[in-house]
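A.B. asks: Here is how the chains run, residue by residue.
Number of protein chains: 2
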Amino acid sequence: MKFIIQRDRLVQSVQDVMKAVTSRTTIPILTGIKIVASEEGVTLTGSDSDISIESFIPKEEDGDEIVEIKQAGAIVLQAKFFSEIVKKLPTDSVEISVENHLQTVIRSGKSEFNLNGLDAEEYPHLPQVEEENVFKIPTDLLKAMVRQTVFAVSTSETRPILTGVNWKVENGTLTCIATDSHRLALRKAQIETNASESYNVVIPGKSLSELSKILDDNNDLIDIVITENQVLFKAEHLLFFSRLLEGNYPDTSRLIPSDSKTDVVVNTKEFLQAIDRASLLAKEGRNNVVKLSTIDGGVIEISSNTPEIGKVVEEVQSKSVEGEELKISFSAKFMMDALKALEGSEITISFTGAMRPFIIKPLNDESILQLILPVRTY
Amino acid sequence: MKFIIQRDRLVQSVQDVMKAVTSRTTIPILTGIKIVASEEGVTLTGSDSDISIESFIPKEEDGDEIVEIKQAGAIVLQAKFFSEIVKKLPTDSVEISVENHLQTVIRSGKSEFNLNGLDAEEYPHLPQVEEENVFKIPTDLLKAMVRQTVFAVSTSETRPILTGVNWKVENGTLTCIATDSHRLALRKAQIETNASESYNVVIPGKSLSELSKILDDNNDLIDIVITENQVLFKAEHLLFFSRLLEGNYPDTSRLIPSDSKTDVVVNTKEFLQAIDRASLLAKEGRNNVVKLSTIDGGVIEISSNTPEIGKVVEEVQSKSVEGEELKISFSAKFMMDALKALEGSEITISFTGAMRPFIIKPLNDESILQLILPVRTY
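So the protein lines, in turn, are chains W and S. Each residue of the first sequence is one higher than the last, beginning at 0 in numbering that gives the first Met the number 0. Each residue of the second sequence is one higher than the last, beginning at 0 in numbering that gives the first Met the number 0.
Each hint should be verified, as a subset may be incorrect.
Since the list gives no way to pick out one identical chain from another, each pair is judged satisfied if it fits inside one copy or across any two copies.
As the list claims (entries may be wrong) - For lysine-lysine, the following BS3-like pairs were computed, each having C-alpha atoms within a straight-line distance of at most 30 Å:
id, residue 1, residue 2
1, Lys-79, Lys-268
2, Lys-69, Lys-135
3, Lys-332, Lys-18
4, Lys-87, Lys-360
Simulated from the structure, these hints should not be mistaken for laboratory data.
Hey, can you work out the whole structure from these sequences and the hints?
C.D. replies: In structure tokens form, the structure reads like this:
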């Protein structure tokens with residue numbers, strides 16, 4: 000194997016596939032990055048066996064030569080060292096060649112690295128994914144849907160299925176749901192799909208977070224292929240594989256109340272900042288519980304009290320309050336997470352009593368919903 | 000106590016005095032910030048008993064009213080909560096008043112905090128410093144002198160005196176020296192001093208690092224007062240006290256070789272980057288040892304080798320090499336620290352053999368010197 004490549008493109012691809020590489024693996028070869036040079040260009044692969052990422056650097060792009068292939072071949076190099084080295088090389092162009100068995104030489108200007116490589120034949124094969132049923136979604140919408148739901152997955156392994164996000168496709172609509180059983184985030188959107196098929200799978204939250212970090216903010220379409228135990232996201236020159244979680248995701252539709260007793264409309268930013276300040280003195284339990292009360296004149300009072308430190312009272316002027324008076328306590332952290340995930344400058348919060356879950360939505364937007372279970376303090 | 004203050008000024012002063020506050024103190028009141036309102040303005044104080052910082056906010060500045068004093072008085076508030084609260088208050092103006100014994104109310108817009116204060120009478124008094132002998136130094140020069148020496152102090156408490164920087168004033172020259180016994184940094188400068196007196200003190204490295212963070216980059220003069228066991232730095236509206244380390248600083252002048260056998264002149268940045276790359280594969284011991292050899296044509300070769308990972312060879316074209324041929328090994332970390340501390344685009348490295356300390360200086364600049372002890376590997 001021998002090729003000369005533009006350093007910037009190599010650095011970018013290495014960074015992308017590094018997202019899948021972990022040093023805490025029991026399979027030694029997975030601490031490496033697989034490099035394959037072919038007539039078409041160079042392919043890099045990283046994997047931790049849950050997530051696998053493949054990044055392709057074409058020989059040419061828009062008439063520019065990016066890679067000059069001198070000899071096809073393959074090698075696996077230690078990811079930790081290889082990624083640090085390529086970042087710090089002195090010149091714009093890098094030569095990588097396998098010489099003398101698995102010894103790999105990296106040359107750039109007056110700098111020459113000799114790395115002990117591993118045999119690429121021993122690198123595990125990526126899953127073969129049948130691409131019969133594909134649906135498409137713009138990159139920025141995909142990133143938004145991940146951002147607006149993934150924070151609500153469970154971080155506890157008590158119920159492993161809740162560490163993933165439930166993706167359902169039905170009638171041309173993709174619905175993403177995450178819950179840790181104390182709160183729930185739901186986002187739906189229309190998608191492009193040729194098939195009339197429906198899916199119901201659970202994707203690990205960690206996979207979605209890593210995917211989101213790699214994708215640029217643009218509206219290029221991403222192809223999504225779902226199989227029995229894998230999901231594949233295909234962007235230009237990038238393949239992202241994740242395993243799916245096994246088991247049935249709980250039916251969350253019954254959790255979401257359909258009626259409400261008190262509806263409050265507030266400015267998102269003002270409300271978020273008031274919750275944030277009130278949480279400063281709310282150290283009861285680890286979730287920073289604050290109290291919310293409707294008071295006269297459409298004013299919402301947020302308060303918290305920790306006797307040994309002090310107390311805080313915040314008033315937020317609502318746009319409207321309809322229905323019954325209410326006093327309710329909830330986690331300030333969950334509320335702030337939910338508010339940050341919502342778009343729009345005004346939100347509706349719909350309560351069904353102090354002991355029932357409540358719903359937060361942007362005003363006049365049915366595509367996203369956040370649900371929080373209150374905390375019993377009264 | 001009651002006053003109304005501009006929030007931005009309060010936030011800035013709180014951040015400054017917070018640098019001296021630690022939660023790991025055995026004196027509970029030192030977890031607080033002391034606030035004193037007088038006819039002249041508001042004074043904040045933070046201290047961990049090693050470092051004490053006092054920041055003054057005047058009633059007026061350039062004709063602008065910054066503080067409106069309603070009633071003089073004093074209180075101590077929990078630093079952790081007070082600093083978080085002031086940062087997040089909603090309006091530009093903040094009212095702070097002590098009501099009902101030590102209960103302190105902070106009001107800003109529709110936000111109202113009640114904090115349990117502590118009695119300001121119980122806050123320790125800052126040291127009284129006689130200001131007879133003062134010398135002056137511009138802020139940016141002070142910051143440079145700290146930056147160029149403090150990294151070389153010892154982090155080990157085996158010889159506590161080496162955790163400080165030795166400041167010597169003699170004949171109108173300030174000399175700062177730090178060493179951890181494996182390397183040494185020295186910087187000197189002319190200073191403004193009225194007294195013909197001389198000093199020889201050791202200031203804790205941590206104090207100098209914190210001082211440097213607080214001071215803005217400008218050339219305003221800082222007054223420095225040295226007493227038997229304290230040093231006081233006085234900037235506008237800011238007092239910074241540090242205790243001095245007790246004991247005699249070792250005589251380092253004998254360590255610095257006066258002659259040399261090999262002198263090399265190189266471009267600082269090229270040399271630094273070559274060392275940085277060579278250190279990537281240098282994991283022998285924790286100090287990343289690299290080798291330097293003079294080879295033909297004024298070329299300097301930097302190399303390292305870790306058999307299980309690989310090896311690297313870097314070539315740097317020197318501006319000149321004079322004297323004997325040389326092979327020497329040293330810590331890449333110490334070399335990079337030293338190079339980053341130096342100013343100037345070209346440096347001279349003067350060696351006196353493979354087993355003797357060597358010196359790094361900017362070309363044609365005698366005010367700064369870095370010394371490194373080699374490592375025995377040949």
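A.B. asks: So, for every hint listed, does it hold in this structure?
C.D. replies: Here's how the hints hold up against the structure:
no. : hint             : in the structure
1   : Lys-79 - Lys-268 : between (42 Å within a copy, 25 Å between copies)
2   : Lys-69 - Lys-135 : neither (37 Å within a copy, 65 Å between copies)
3   : Lys-332 - Lys-18 : both (28 Å within a copy, 28 Å between copies)
4   : Lys-87 - Lys-360 : between (47 Å within a copy, 25 Å between copies)
Hint 2 alone, counting from the list given before, is not met by this structure.
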